[in-house]
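Colleague: My request is simple: use the sequences and hints to build the entire structure.
Each protein sequence line maps, in turn, to chains A and B. Following UniProt numbering, the numbering of the first sequence begins with 1 at its first residue and continues without gaps. Following UniProt numbering, the numbering of the second sequence begins with 1 at its first residue and continues without gaps.
Read the hints as simulated data drawn from the structure, not as lab findings. The reader is advised that the hints may include incorrect statements.
Copies of one chain are not kept apart here, so a pair can be met inside one copy or by any two copies together.
To be verified - DSS-like cross-link-like pairs, simulated, lysine-lysine; straight-line CA separation at most 25 Å: (1) K94 <-> K132; (2) K132 <-> K115; (3) K121 <-> K25; (4) K132 <-> K42.
As the structure is a prediction and not an experimental result, all values here were calculated from the model.
There are 2 protein chains.
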Amino acid sequence: MVKLTPEMKENIKKVRVLPLATASKSGIPNVIPIGIAEINDKDEKDDYIHVMNNFFLKTIANMKENPHVAIYVWSPETTGCFQMKGEVVEITDKGNVYSEMTGRVATMKPGLPMKQIVRIKITEVFNCTSGKEAGQKIA
Amino acid sequence: MVKLTPEMKENIKKVRVLPLATASKSGIPNVIPIGIAEINDKDEKDDYIHVMNNFFLKTIANMKENPHVAIYVWSPETTGCFQMKGEVVEITDKGNVYSEMTGRVATMKPGLPMKQIVRIKITEVFNCTSGKEAGQKIA
Numbered sequence: 001m002v003k004l005t006p007e008m009k010e011n012i013k014k015v016r017v018l019p020l021a022t023a024s025k026s027g028i029p030n031v032i033p034i035g036i037a038e039i040n041d042k043d044e045k046d047d048y049i050h051v052m053n054n055f056f057l058k059t060i061a062n063m064k065e066n067p068h069v070a071i072y073v074w075s076p077e078t079t080g081c082f083q084m085k086g087e088v089v090e091i092t093d094k095g096n097v098y099s100e101m102t103g104r105v106a107t108m109k110p111g112l113p114m115k116q117i118v119r120i121k122i123t124e125v126f127n128c129t130s131g132k133e134a135g136q137k138i139a
Numbered sequence: 001m002v003k004l005t006p007e008m009k010e011n012i013k014k015v016r017v018l019p020l021a022t023a024s025k026s027g028i029p030n031v032i033p034i035g036i037a038e039i040n041d042k043d044e045k046d047d048y049i050h051v052m053n054n055f056f057l058k059t060i061a062n063m064k065e066n067p068h069v070a071i072y073v074w075s076p077e078t079t080g081c082f083q084m085k086g087e088v089v090e091i092t093d094k095g096n097v098y099s100e101m102t103g104r105v106a107t108m109k110p111g112l113p114m115k116q117i118v119r120i121k122i123t124e125v126f127n128c129t130s131g132k133e134a135g136q137k138i139a
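Modeller: Set out below in structure tokens:
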């Protein structure tokens, strides 16, 4: 049961590129910059982050064998740094989540393959601002 | 046997903050922004990246149980994006590597705890520029 604060959601909007980390089942980490991600906060209990698979290779392979992901939110414009841990709960190219998000993206950034939407449930939030409290769990 | 190209090394210098991904032995990924990293290319066969542990928590725990790491190099100023995979070969608070790097950092950024230097051998390089070749191995 993790809900992001309004400040966290504001900070996500300020960051153009988010580092998305996954790992293979055998523990080889992978990290890539993602440009298309949206917070979905319609659920009462949990917040979700929806990311678009346009050119994922190791990332999507990892997600299929190990649902755990980590993403941090930081740029020179944000208030500090926080890291979200989450679990992939759906990888889909059908349904409302897919059609609504691809509809918005097709208008803003035409020409992308828009293969799938990956729905990630946010399970924990950690501080990653440099300092003694770096790494501490905050939600 | 991986050596970075001069262009890759130039791009690393342009990026102020690098996303460093690790994973626990059980495959939980972690990713944090690191501000203090140096390429060491003195070895004939392999290049190394030295990162400073100031406030690592999950990162250093992961490195101790699973040596695999991933780092990407991208900013609006770089030519494209590349990702390095590597292996932690040493975590030290003694010796030349430690004293030389902490000496440089103490002058530029005084007051940091400078707990350890983590020496990472770069084992593979991948493309992470958005497009059809994203994820391909390049070295």
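Colleague: Each hint: holds or not?
Modeller: Consistency of the hints with the structure:
In this assembly of identical chains, the alpha carbons of K94 and K132 lie at most 25 Å apart only when taken from different copies (22 Å versus 44 Å within one copy). Proximity of K132 to K115 under the C-alpha cut-off of 25 Å is restricted to the inter-copy arrangement: shortest distance 12 Å between copies versus 41 Å within a copy. Within a single copy, K121 and K25 get their C-alpha atoms as close as 19 Å, and across copies as close as 22 Å, so both meet the 25 Å cut-off. Taking the shortest Cα distances, K132 and K42 never come within 25 Å of each other, neither inside one copy (34 Å) nor across copies (33 Å).
When each numbered hint is compared with the structure, a violation occurs for hint 4 only.
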